[in-house]
Amino acid sequence: MKKEYETIIGLEVHVELATKTKIFCGCSTKFGGEPNTHTCPVCTGMPGALPVLNKKVVEYALRAGLALHCEVNSPCLFDRKNYFYPDNPQNYQISQLYLPICHDGYVEIETASGKKNIRIHEMHMEEDAGKLVHDEWSDCSLVDYNRSGIPLIEIVSEPDMRTAAEVVAYLEKLRSIMQYLEVSDCKLQEGSMRADVNLSVREKGTLNLGTRTEMKNLNSFKAITRAIENERDRQIELLEEGKAVIQETRRWDDNKEYSYAMRSKEDAKDYRYFPDPDLMPVNIEEEWLEFLRKNQPEFAEEKRERYQKEFGLSKYDVLLLTESRHLAKLFEETTKFCGMPKQAANWMIGETLRLAKERGMEYEEIHFSPQHLGDLIRIVQKGEINNRNAKKVFEKIFYEDIEPSLYIKEHGMVSVKDTKKLAQAVEEIIAQNSKAVEEYREGKQKTFGFLVGQTMRTMHGNADPEMVREILKQKLDRRADFS
Amino acid sequence: MDMRDMTAMEIGKEIREGRIRVGEAVEFCMKQIEEKEPKLNAFISVCEKERLQKRIAEVEQGIKDGVYQGGLAGVPVAVKDNICTVHMPTTCASRMLEHFVSPYQAEVVRRLENAGAVIIGKTNMDEFAMGSTSETSAFGPVKNPCNPEHVPGGSSGGSCAAVSSGECFYALGSDTGGSIRQPSAYCNVAGMKPTYGTVSRYGLIAYGSSFDQIGPIARNVEDCACILETIAGYDRKDSTCVKRDVYDFMDGIKSGVEGLRIGIPEEYLKEGLQKEIREAVKKAAEWLKECGAKIEYFSLGLTEYTIPSYYLIACAQASSNLERFDGVKYGFRAKEYEELHEMYKKSRSEGFGMEVKQRILLGSFVLSSGYYDAYYLKALRARTQIKQEFDKAFAKYDVLLGPVTPTTAPPLGESLKDPLAMYLGDIYTVPLNLAGLPGMSLPFGVDGKNLPIGLQIFADCFQEKKILRTAYTLERAQQRREQ
Numbered sequence: 001m002k003k004e005y006e007t008i009i010g011l012e013v014h015v016e017l018a019t020k021t022k023i024f025c026g027c028s029t030k031f032g033g034e035p036n037t038h039t040c041p042v043c044t045g046m047p048g049a050l051p052v053l054n055k056k057v058v059e060y061a062l063r064a065g066l067a068l069h070c071e072v073n074s075p076c077l078f079d080r081k082n083y084f085y086p087d088n089p090q091n092y093q094i095s096q097l098y099l100p101i102c103h104d105g106y107v108e109i110e111t112a113s114g115k116k117n118i119r120i121h122e123m124h125m126e127e128d129a130g131k132l133v134h135d136e137w138s139d140c141s142l143v144d145y146n147r148s149g150i151p152l153i154e155i156v157s158e159p160d161m162r163t164a165a166e167v168v169a170y171l172e173k174l175r176s177i178m179q180y181l182e183v184s185d186c187k188l189q190e191g192s193m194r195a196d197v198n199l200s201v202r203e204k205g206t207l208n209l210g211t212r213t214e215m216k217n218l219n220s221f222k223a224i225t226r227a228i229e230n231e232r233d234r235q236i237e238l239l240e241e242g243k244a245v246i247q248e249t250r251r252w253d254d255n256k257e258y259s260y261a262m263r264s265k266e267d268a269k270d271y272r273y274f275p276d277p278d279l280m281p282v283n284i285e286e287e288w289l290e291f292l293r294k295n296q297p298e299f300a301e302e303k304r305e306r307y308q309k310e311f312g313l314s315k316y317d318v319l320l321l322t323e324s325r326h327l328a329k330l331f332e333e334t335t336k337f338c339g340m341p342k343q344a345a346n347w348m349i350g351e352t353l354r355l356a357k358e359r360g361m362e363y364e365e366i367h368f369s370p371q372h373l374g375d376l377i378r379i380v381q382k383g384e385i386n387n388r389n390a391k392k393v394f395e396k397i398f399y400e401d402i403e404p405s406l407y408i409k410e411h412g413m414v415s416v417k418d419t420k421k422l423a424q425a426v427e428e429i430i431a432q433n434s435k436a437v438e439e440y441r442e443g444k445q446k447t448f449g450f451l452v453g454q455t456m457r458t459m460h461g462n463a464d465p466e467m468v469r470e471i472l473k474q475k476l477d478r479r480a481d482f483s
Numbered sequence: 001m002d003m004r005d006m007t008a009m010e011i012g013k014e015i016r017e018g019r020i021r022v023g024e025a026v027e028f029c030m031k032q033i034e035e036k037e038p039k040l041n042a043f044i045s046v047c048e049k050e051r052l053q054k055r056i057a058e059v060e061q062g063i064k065d066g067v068y069q070g071g072l073a074g075v076p077v078a079v080k081d082n083i084c085t086v087h088m089p090t091t092c093a094s095r096m097l098e099h100f101v102s103p104y105q106a107e108v109v110r111r112l113e114n115a116g117a118v119i120i121g122k123t124n125m126d127e128f129a130m131g132s133t134s135e136t137s138a139f140g141p142v143k144n145p146c147n148p149e150h151v152p153g154g155s156s157g158g159s160c161a162a163v164s165s166g167e168c169f170y171a172l173g174s175d176t177g178g179s180i181r182q183p184s185a186y187c188n189v190a191g192m193k194p195t196y197g198t199v200s201r202y203g204l205i206a207y208g209s210s211f212d213q214i215g216p217i218a219r220n221v222e223d224c225a226c227i228l229e230t231i232a233g234y235d236r237k238d239s240t241c242v243k244r245d246v247y248d249f250m251d252g253i254k255s256g257v258e259g260l261r262i263g264i265p266e267e268y269l270k271e272g273l274q275k276e277i278r279e280a281v282k283k284a285a286e287w288l289k290e291c292g293a294k295i296e297y298f299s300l301g302l303t304e305y306t307i308p309s310y311y312l313i314a315c316a317q318a319s320s321n322l323e324r325f326d327g328v329k330y331g332f333r334a335k336e337y338e339e340l341h342e343m344y345k346k347s348r349s350e351g352f353g354m355e356v357k358q359r360i361l362l363g364s365f366v367l368s369s370g371y372y373d374a375y376y377l378k379a380l381r382a383r384t385q386i387k388q389e390f391d392k393a394f395a396k397y398d399v400l401l402g403p404v405t406p407t408t409a410p411p412l413g414e415s416l417k418d419p420l421a422m423y424l425g426d427i428y429t430v431p432l433n434l435a436g437l438p439g440m441s442l443p444f445g446v447d448g449k450n451l452p453i454g455l456q457i458f459a460d461c462f463q464e465k466k467i468l469r470t471a472y473t474l475e476r477a478q479q480r481r482e483q
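In order, the protein sequences belong to chains A and B. Counting from 1, one number per residue, gives the positions in the first sequence under my numbering. Counting from 1, one number per residue, gives the positions in the second sequence under my numbering.
Next up, chain A with everything else stripped away, as it sits in the complex (with noise of 0.2 Å):
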C-alpha cells in the first residue's frame, strides 16, 4: 500500500530595503547606474574603512517587523558572516546571528482551505553583496559593487507551510505588506525579493520532521511552485525507494525543471560568527516602537473591508483595488476629488488597469494625478462630454496627465446640446439617408442606430447621443405620421 506523505515547509526571505543610501556607508541605492559609480571606500571594503549604520533602515526593518507581529530585540546586535567570495568586499557580511532586530511573529495567509498562521522565526537586517560577471569572451570575471552594502531583511519563517500553494499566499500577504509599508517594492524578478525554501517530507501522522533541503535560485511564484512539487516528489520517490534524503542545499533551474545539489551539510561552511567590533549595540526605545506602531498604515485588508462598507463596492472590485497599495491610493484620492467612489472605482478597474496592461505597465509605473480623472468623472456626470469622448480624454489622462477640462475645450469634444442644432445636422442625414429612412418606416429598427451614428459622425463625436437620439426619434416618426 502506498504511503501517504505530508509536505513541511519554511522559508528564508531577503527583502531589499528601499532607503535611498547603504546601510553602513551614503551611497546611493539606485538600481542600475554605471558599474562601481554607486561606491565608497566603506562599501568597497578599502582597508580602514569603517561602517555607520544607517538609522533609516533600523525604521525600515522595525516597521517590517511591527507588521509581522514580532517582538523586538534591544539592543540588537550586528555579527560578521566570514566567507570568501569576490562579491563581498570585507570576505565577511555584516548580518546579525546572536541578537537579530526582531523574533516571534506570525502572519495571517488565506488560501482556498482556509486562513491560516504563519509563525515567523526572527527577522533580522543585513548587506547585500556585489554583483560578479563572467566575460566569457574576454575569460575574466568582474566585479560590480553598486549592490554591495545595499540594506536587507531576511525573514525565516517557522515550517508551518504544507504546500506550494500556502508558500505563495503567504508571499504575496509579506509582499503587500511590505509594499504597503513602502519599505520595500519586493519584485521577485529583479531581486528585491528573494526565497530559499527549505522543504521536508514526512510520512502523515509522524511527528518527527524529516532531513530537509533548501533551494535557491527561485525567481517567481510560479518556479516556486514548481521547485516545490519537483523536490516533494524527489523526496517521496528517494524515501520510496529506501534511501535517505541527504540535508543540502540545491540549486532550482527552471528552464529544465530540475534541481542540483550545490554543497551538503558536511561541506557546509563555517562562517566564524561574531559580533562586530566596528559597531555598536543598537538600542531601539519604546517611544520610538510606539511612534513607529502609530504610524503603521493601512493594510490591503483593512481596505478592502473598509471599501466594501464604506463605498458598496464588490469583493471583486476591492481585492483588484487594493493588489497594490499605490492603486488604492489612486483610487481613495481619486474618489475625494469627485465623491463617486463608484464611478472612480470603474475607471480604476476598467480603463487604469486595461491601459496599463496593454502597455506592460506595473501599477507603481501609473502616474497621472487623481484630481484629473476626479474632474473627468464629474463632467462625464454632468452630461458634458459623452462617454466615448470620456476614454479619448482618459487615455489623455493617463499618458499624458492633461487637464480634462482644458482638453475638452481645445479639442471642441463638449457634447453639443443646442437643440436647434442637433434638429438642423438631423435633418440633413434624414435627408440624405432617404433609403435608411424608409427602412426605418418599414419597421427596421436596426436602420435607427445607423442614423444615430451618422448623425454624431457630422457632429465630429461631440453631440449629445441621448438627444440626438431622441430629436431623430421625434422627427421619424413625425414625418412618419404625415405620410
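To be clear, the hints were calculated from the coordinates, so they are not data collected in a lab. As the structure is a prediction and not an experimental result, all values here were calculated from the model. The beta carbon of each residue, even a glycine, is placed where N, CA and C say it ideally should be. Just to be clear, a hint being listed does not mean it is correct.
To be verified - Cβ-to-Cβ under 7 Å is the rule here; a few derived chain A residues that face chain B: (1) Phe274; (2) Asp278; (3) Pro281; (4) Gly453.
Unchecked claim - The following label-pair restraints were derived from C-beta to C-beta distances: (5) Gly66(B) to His134(A): 52 to 60 Å; (6) Leu377(B) to Glu290(A): 29 to 37 Å; (7) Leu377(B) to Thr225(A): 38 to 46 Å; (8) Glu71(A) to Leu377(B): 20 to 28 Å; (9) Cys291(B) to Ser28(A): 42 to 50 Å; (10) Ala421(B) to Asp253(A): 55 to 63 Å; (11) Glu336(B) to Thr225(A): 41 to 49 Å; (12) His69(A) to Glu336(B): 50 to 58 Å; (13) Pro281(A) to Gly66(B): 40 to 48 Å; (14) Gly140(B) to His134(A): 37 to 45 Å; (15) Glu336(B) to Tyr98(A): 40 to 48 Å.
Unchecked claim - Looking from chain B toward chain A, a few residues come up when the C-beta cut is under 10 Å (computed): (16) Cys84; (17) His87; (18) Cys92; (19) Gly203; (20) Gly233; (21) Arg236; (22) Gln317; (23) Asn321; (24) Asp326; (25) Val328; (26) His341; (27) Leu367.
Since the structure of chain A is already known, use the hints to place chain B on it.
Quick look at chain B alone, frame taken from chain A:
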C-alpha cells in the same frame, strides 16, 4: 638653539614667530633621514620632494594668513604606515600592500593637515601591527637609535625610532596591546594611548578593532598633550568614537600632583621584572610623593588572565579584519593561479608574513564553531571582569603607576625565536587595551647597558589629564635633578 634638541612645540613656536621657516624644519628632518635611515630603517616611504615643496608653500601661506594657528603648524611629522594617506603608499609593512595607495585620507591625517602639519613620511612597523619588535616588517627590521644592536620595540617601532633619532619632531603610532607605549619605552620617547574612542579609527587599518587606538609619540609630555588635542575629536565615520566632554588636554598640565592618589599594582613589580625597572618605578613613586601625591601599593586582580584574553580577542578580530586582503580589489595578487580558490590561497600565502599568518590561524580557530564559546566568549567575559578590577582600583586611585615592559629593549633577532615569551612581554601594557584605559609611557632613566627605561602612567577612561599632570611632574623632576 639647535633644532636637534627642540620639541615639536618649540619648533612650532619658532615657525609661528618667523625665526625658522617651515622649509628649514623640513629640510632638517630630511637631512637626518638621509643620514640615519641606512642604519635605522625607520621609514617605509618618505614624501616625494615635489609634493613636499607644495605642502611647505601651502603651510607657509596658511600660517601667514592665520589659517593655521595651532602649536603644530608647520612642524614635520611622521605617520605610522597603517594610517591611510593619499599622497604616499600605506603598506602596513606588508608585501600584501606594498604598492597600495589609499583612495582616501584617514581622519587623523585630515586633522593633522587641518592643523598645518607637514607629513614627511610613513614609518616602518611590525607587519599589520602584529609584533613587539618591528622585526616582522616585510621591509626589514627597524633598529633602536639608542643602540642599533637592539630592537626599537613594536609595533610602532618606526615612529618611535624616528622621533628618538630626530628624523621628525613627533609621530603618530597605533596601540592595540602596547604598540605605542612599549617602543616609546625602548626608544626613550614619550608615547600615549588615549582612551578607546577618543581618536577616530577611520582610516587606521584595523588589527584588533576593539583595542586599536591612534596616539602621539613625541619628545616630551607637553608635545603629547598638544598632539592629542589636535588629533582627538568625535568622528561620526567611526561608530566606536565617543563624544567626550574634555578635549583640552594641554589645560592644567602643569598644575602638579598635590593630593593626587597614586596606586602601584604589586603584581606589576613581581618576578620577571628587570631590577632596574622596578627601582625606577619606586624612585618615581618617591619623587611623586615628594611632590605631594599620596602613594599606595595595592593588589590588582586577574593580571594573569590579561595576556590570554587579549591574544584570543585581538587575533579573532584580526583574522576577520584581514580577510579583505585577498588579491581581488587591491594589493598583492599571486602571479600564477588556476582558479579563484587558488588565487586566494596563493595571494594570502605569499602576501602575508609568518607572524600575521600565525595570528590569523589562531584567530580563525577560536572563532570556529565549537570553539567560539570556549575561547572567544570566555575571553570577552574575562575582559569584563578585568575591567571591573580596574573600576575597583579607580575608586581608590586617580592614577596608576607601573613599568611599561618587563625588560629594556632586547637585542635584535632574539624575540621572534620564542613568540610566547614575546607575547608575555605585553603583560603590563595589554590590560589597558582590554579595559579601554588611557596610558602613557614616559622615559625614566636607563639601565646598566644604557638602554632606556619607560614608566607607565595610566588612569581611568577619559582621565588623560591626570596622566599628563603626573607625567609632566615627573618629567620636570627629572630635569631638575639633571641640572
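Structure-based check of each hint:
Look at Phe274(A): its Cβ gets to within about 5 Å of chain B, closer than 7 Å, so that hint holds up. With a cut of 7 Å, the hint placing Asp278(A) at the interface with chain B holds, because the nearest CB-to-CB distance is about 6 Å. Of the supplied interface hints, the one on Pro281(A) is violated, with its beta-carbon coming no nearer than about 10 Å to a beta-carbon of chain B, more than 7 Å. Because the closest C-beta pair between Gly453(A) and chain B is about 72 Å apart, greater than 7 Å, the hint is violated.
In this structure the supplied range 52 to 60 Å holds for Gly66(B) paired with His134(A), their Cβ-Cβ distance being about 57 Å. For Leu377(B) and Glu290(A), the Cβ-Cβ distance of about 34 Å falls inside the hinted range of 29 to 37 Å, so the restraint holds. One distance hint, 38 to 46 Å for the beta-carbon pair Leu377(B) and Thr225(A), holds here, with the actual separation near 43 Å. Between Glu71(A) and Leu377(B), the C-beta spacing of about 24 Å keeps the proposed range 20 to 28 Å intact.
Separated by about 59 Å at the C-beta atoms, Cys291(B) and Ser28(A) break the suggested range of 42 to 50 Å. Range check, Ala421(B) to Asp253(A): about 58 Å between beta-carbon atoms, so the 55 to 63 Å window is met. The hinted range of 41 to 49 Å is satisfied by Glu336(B) and Thr225(A), whose Cβ atoms lie roughly 47 Å apart. Range check, His69(A) to Glu336(B): Cβ separation about 56 Å, and the 50 to 58 Å hint holds.
One distance hint, 40 to 48 Å for the beta-carbon pair Pro281(A) and Gly66(B), holds here, with the actual separation near 44 Å. In this structure the hint that Gly140(B) and His134(A) lie 37 to 45 Å apart at CB holds, the actual value being about 41 Å. Our hint of 40 to 48 Å for Glu336(B) and Tyr98(A) holds, since their Cβ atoms are close to 41 Å apart. For Cys84(B), the suggested interface contact is upheld, since its CB lies about 5 Å from the closest CB of chain A, less than 10 Å.
At a threshold of 10 Å, the smallest CB-CB gap from His87(B) to chain A is about 15 Å, leaving the interface hint violated. Interface restraint check: Cys92(B) against chain A, minimum CB-CB distance 8 Å, threshold 10 Å, status holds. Among the interface hints, the one on Gly203(B) holds; its C-beta lies about 4 Å from the nearest C-beta in chain A, closer than the 10 Å criterion. The interface hint given for Gly233(B) is broken, as the beta carbon of that residue sits about 15 Å from the closest beta carbon of chain A, more than 10 Å.
Residue-level restraint check for Arg236(B) holds (minimum Cβ-Cβ distance to chain A is 6 Å; threshold 10 Å). Of the supplied interface hints, the one on Gln317(B) holds, with its beta-carbon coming within about 6 Å of a beta-carbon of chain A, less than 10 Å. Nearest Cβ of chain A to the Cβ of Asn321(B): about 9 Å, under the 10 Å cut. The hint holds. Interface hint at Asp326(B): satisfied, since its Cβ lies 6 Å from the closest Cβ of chain A, which is below the 10 Å cut-off.
Annotation: interface hint on Val328(B) holds; nearest CB of chain A at approximately 5 Å, less than 10 Å. Restraint check, His341(B) versus chain A: the minimum CB separation of about 8 Å is within 10 Å; hint holds. Annotation: interface hint on Leu367(B) holds; nearest CB of chain A at approximately 4 Å, less than 10 Å.
Of the numbered hints given earlier, the model fails hints 3, 4, 9, 17, 20; all others are met.
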